[in-house]
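*Asks:* Next come the chains, spelled out residue by residue.
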Amino acid sequence: MSQLEIRDLWASIDGETILKGVNLVVPKGEVHALMGPNGAGKSTLGKILAGDPEYTVERGEILLDGENILELSPDERARKGLFLAFQYPVEVPGVTIANFLRLALQAKLGREVGVAEFWTKVKKALEILDWDEGYLSRYLNEGFSGGEKKRNEILQLLVLEPTYAVLDETDSGLDIDALKVVARGVNAMRGPNFGALVITHYQRILNYIQPDKVHVMMDGRVVATGGPELALELEAKGYEWLREKVKEGA
Amino acid sequence: MQVLDKTQVEAVSKALGEPGWLLEKRLKALEAFARLPYPSKKDENWRYTDLSEAPLEQEIETPKGLRLSRDQLPEPVRRRLERTDVSGFLVFVGPDLVYAEVPEELRQKGLVFTSLAEALKTHPEKVQSALFQGVYTEDKFAAENSAFFTHGAFLYVPAGLEVEKPLGVFKVLLEGGKASAGRSLLFLEDNAKAAYIEEYLSLDLPPTLHLSATEMVLRPGARLRHAHVQTFGEGVWHFHRQRALLERDSGLNDLVVNLGGAYARSEVASELLGPGSESEMLGLYFGHGRQQFDHYTLQHHTEHHTRSDLLYKGAVKDEARAVFSGLIKLEKGAQKTDAYQANRNLLLSPTARVDSIPQLEIGANDVRCTHGSTTAPVDEMQLFYLQSRGLPRGLAQELLVKAHLADVLSRIPLKALRAHIEAIIEEKVRI
Numbered sequence: 001m002s003q004l005e006i007r008d009l010w011a012s013i014d015g016e017t018i019l020k021g022v023n024l025v026v027p028k029g030e031v032h033a034l035m036g037p038n039g040a041g042k043s044t045l046g047k048i049l050a051g052d053p054e055y056t057v058e059r060g061e062i063l064l065d066g067e068n069i070l071e072l073s074p075d076e077r078a079r080k081g082l083f084l085a086f087q088y089p090v091e092v093p094g095v096t097i098a099n100f101l102r103l104a105l106q107a108k109l110g111r112e113v114g115v116a117e118f119w120t121k122v123k124k125a126l127e128i129l130d131w132d133e134g135y136l137s138r139y140l141n142e143g144f145s146g147g148e149k150k151r152n153e154i155l156q157l158l159v160l161e162p163t164y165a166v167l168d169e170t171d172s173g174l175d176i177d178a179l180k181v182v183a184r185g186v187n188a189m190r191g192p193n194f195g196a197l198v199i200t201h202y203q204r205i206l207n208y209i210q211p212d213k214v215h216v217m218m219d220g221r222v223v224a225t226g227g228p229e230l231a232l233e234l235e236a237k238g239y240e241w242l243r244e245k246v247k248e249g250a
Numbered sequence: 001m002q003v004l005d006k007t008q009v010e011a012v013s014k015a016l017g018e019p020g021w022l023l024e025k026r027l028k029a030l031e032a033f034a035r036l037p038y039p040s041k042k043d044e045n046w047r048y049t050d051l052s053e054a055p056l057e058q059e060i061e062t063p064k065g066l067r068l069s070r071d072q073l074p075e076p077v078r079r080r081l082e083r084t085d086v087s088g089f090l091v092f093v094g095p096d097l098v099y100a101e102v103p104e105e106l107r108q109k110g111l112v113f114t115s116l117a118e119a120l121k122t123h124p125e126k127v128q129s130a131l132f133q134g135v136y137t138e139d140k141f142a143a144e145n146s147a148f149f150t151h152g153a154f155l156y157v158p159a160g161l162e163v164e165k166p167l168g169v170f171k172v173l174l175e176g177g178k179a180s181a182g183r184s185l186l187f188l189e190d191n192a193k194a195a196y197i198e199e200y201l202s203l204d205l206p207p208t209l210h211l212s213a214t215e216m217v218l219r220p221g222a223r224l225r226h227a228h229v230q231t232f233g234e235g236v237w238h239f240h241r242q243r244a245l246l247e248r249d250s251g252l253n254d255l256v257v258n259l260g261g262a263y264a265r266s267e268v269a270s271e272l273l274g275p276g277s278e279s280e281m282l283g284l285y286f287g288h289g290r291q292q293f294d295h296y297t298l299q300h301h302t303e304h305h306t307r308s309d310l311l312y313k314g315a316v317k318d319e320a321r322a323v324f325s326g327l328i329k330l331e332k333g334a335q336k337t338d339a340y341q342a343n344r345n346l347l348l349s350p351t352a353r354v355d356s357i358p359q360l361e362i363g364a365n366d367v368r369c370t371h372g373s374t375t376a377p378v379d380e381m382q383l384f385y386l387q388s389r390g391l392p393r394g395l396a397q398e399l400l401v402k403a404h405l406a407d408v409l410s411r412i413p414l415k416a417l418r419a420h421i422e423a424i425i426e427e428k429v430r431i
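Protein sequence lines correspond, in order, to chains U and Z.
Reminder that position 164 of the first sequence reads as 164 in UniProt numbering, one-by-one numbering, no gaps.
Reminder that position 95 of the second sequence reads as 95 in UniProt numbering, one-by-one numbering, no gaps.
Simulated from the structure, these hints should not be mistaken for laboratory data.
All C-beta atoms in this analysis are idealised placements derived from N, C-alpha and C, irrespective of residue type, glycine included.
Mixed in with the good hints, there may be bad ones.
[Said to hold, decoys possible] With a straight-line cut-off of 30 Å between C-alpha atoms, the simulated DSSO-like cross-links for lysine-lysine are:
id: 1; chain 1: Z; residue 1: Lys28; chain 2: U; residue 2: Lys124
id: 2; chain 1: U; residue 1: Lys121; chain 2: Z; residue 2: Lys28
id: 3; chain 1: U; residue 1: Lys123; chain 2: Z; residue 2: Lys415
id: 4; chain 1: Z; residue 1: Lys402; chain 2: U; residue 2: Lys149
id: 5; chain 1: Z; residue 1: Lys165; chain 2: Z; residue 2: Lys28
[To be verified] Just a sample of chain U residues kept apart from chain Z, beta carbon distances all over 12 Å, derived:
id: 6; residue: Met1
id: 7; residue: Ser12
id: 8; residue: Asp52
id: 9; residue: Ser73
id: 10; residue: Gly81
id: 11; residue: Phe86
id: 12; residue: Lys108
id: 13; residue: Asp177
id: 14; residue: Asp212
id: 15; residue: Lys245
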């Protein structure tokens with residue numbers, strides 16, 4: 001069961017139910033897109049997968065390679081190979097990227113990581129992202145532009161090499177060059193041992209990250225699943241078209 | 001048991017072979033000590049502090065004439081000497097100056113770094129002109145120190161001499177149960193430059209009173225970097241008072257660190273007496289268990305074109321408490337003055353507490369002056385972000401505490417001292 005599976009997931013924040021029975025499977029080795037209009041619950045799903053304590057899960061399961069991770073803390077989930085690229089990466093003044101990344105890598109691998117080993121990994125990642133080494137000594141996201149923050153998320157993705165990654169609107173607010181860089185990073189991760197869920201509002205990023213499947217979320221559940229052509233259709237016809245179609249189906 | 005009276009003051013003064021003027025000053029301080037009541041919560045400056053468990057009225061520990069070789073130094077000091085920034089240093093075990101190492105090259109240039117008792121013999125006029133100018137009988141504890149102090153360090157830097165490497169004092173308490181009272185007197189002549197680190201160490205002790213005072217005289221153009229680093233073990237109640245007198249165009253960079261002991265109180269004043277003088281005042285504290293750290297600061301501008309910049313940052317966990325009370329006082333003549341003050345606190349537990357009281361008293365109109373204070377728990381968003389990358393909550397918290405204190409640490413250009421402080425912070429987060 002090498003897959004990330006979400007089963008009948010219900011969740012709320014401040015008494016308001018946001019997720020209303022999400023079902024979704026991302027097999028290892030595949031990249032799926034999760035699309036949907038604003039307020040559909042896409043980002044909520046991303047945060048809940050990572051274990052954001054702000055949300056209350058009311059029902060359902062999140063199975064990572066068959067193991068329910070709902071009761072695990074965010075760091076335990078991460079060490080089991082789950083990664084969330086944040087929509088709004090958090091600024092942490094006083095903690096340098098280098099220091100943080102090395103600690104995170106050590107936590108992930110459960111052993112000391114020597115300076116040489118660490119630098120080899122980081123340098124490779126920086127090359128893929130075409131990013132300057134100088135960023136490593138900067139404080140985590142402090143004073144970063146939107147694009148720099150997203151690039152920093154992908155840097156962490158490349159260094160930590162998770163088994164499953166959720167990218168929460170990593171494309172939003174990026175110009176086309178930054179978007180290409182981010183896509184390059186994700187594509188570098190692609191392979192039989194990596195699965196990803198790319199959450200996005202727009203089809204644009206999917207020109208650079210070809211999804212194996214596209215899921216569409218509306219009103220707290222996945223209402224449609226299809227091939228890459230579904231994204232193009234949505235781009236052309238809009239979400240309202242799908243909403244009508246779903247209504248008809250129901 | 002000895003009591004804190006005239007007989008004892010005379011005995012201390014005699015044992016140290018002090019001149020008559022000093023005994024007189026001590027006796028005057030004794031009068032103040034006898035007259036002043038111990039502070040209580042009714043006093044504005046003590047309203048957040050409970051001294052009911054403080055070992056007040058303890059007998060003063062007097063010197064035994066102990067001398068040690070470098071190899072015989074107590075373990076905590078030896079460990080510090082393995083990695084330190086200082087090039088010359090004095091080691092006090094309780095009231096005894098047990099070891100001194102001062103570079104010959106500096107001595108030849110006229111620098112004096114020795115015990116106060118020794119300096120009274122070799123440089124009596126210098127000591128007499130400066131001693132008690134900064135700290136004398138401001139409160140009960142200052143008066144107690146001035147009347148009963150048994151030891152001290154004296155640093156004299158002649159005009160124009162620039163000493164790059166820091167000099168330092170390591171004071172270690174090995175036995176508890178008695179009061180220890182000591183002083184530092186730092187005198188920098190015109191355009192002299194020096195750095196001075198005071199470190200206070202001990203093992204865990206039974207309740208013990210520790211009194212320290214640091215007086216700094218900066219003649220025109222002098223530059224001094226000063227650090228007071230308190231890392232006592234459990235049981236020590238530490239009362240520290242310091243005051244810097246800054247003459248024209250002089251500059252002080254001051255750091256106060258409180259990490260150890262049961263209770264520590266630092267009263268830190270910079271007197272900007274000459275135009276062009278400036279004072280950077282940094283503070284760092286991290287309390288755990290039931291520790292309490294109080295910081296009372298004064299940025300006192302009496303002259304025009306003076307500048308002060310204060311940043312005190314702290315964290316408290318468990319049931320620890322901290323108080324920051326900072327006053328910027330600008331006299332009428334202090335035009336074209338810049339004065340800044342910031343106090344930032346991190347609360348690591350719901351039972352930890354900080355009281356922060358920034359205050360301004362402005363008597364001049366053409367000034368730039370800001371102050372601010374924040375006290376907040378650890379940012380849950382930051383914690384979640386760090387955890388989401390695999391860092392266990394404890395390690396994430398440790399990172400955030402270090403990050404919180406980082407901008408004070410980054411302003412300390414003393415590498416070994418910084419590493420020492422960081423190591424203690426790490427240890428404390430994990431307790």
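*Asks:* Tell me, in ascending order, the numbers of any earlier hints that this structure violates.
*Replies:* 1, 2, 5, 8, 9, 10, 11 and 12
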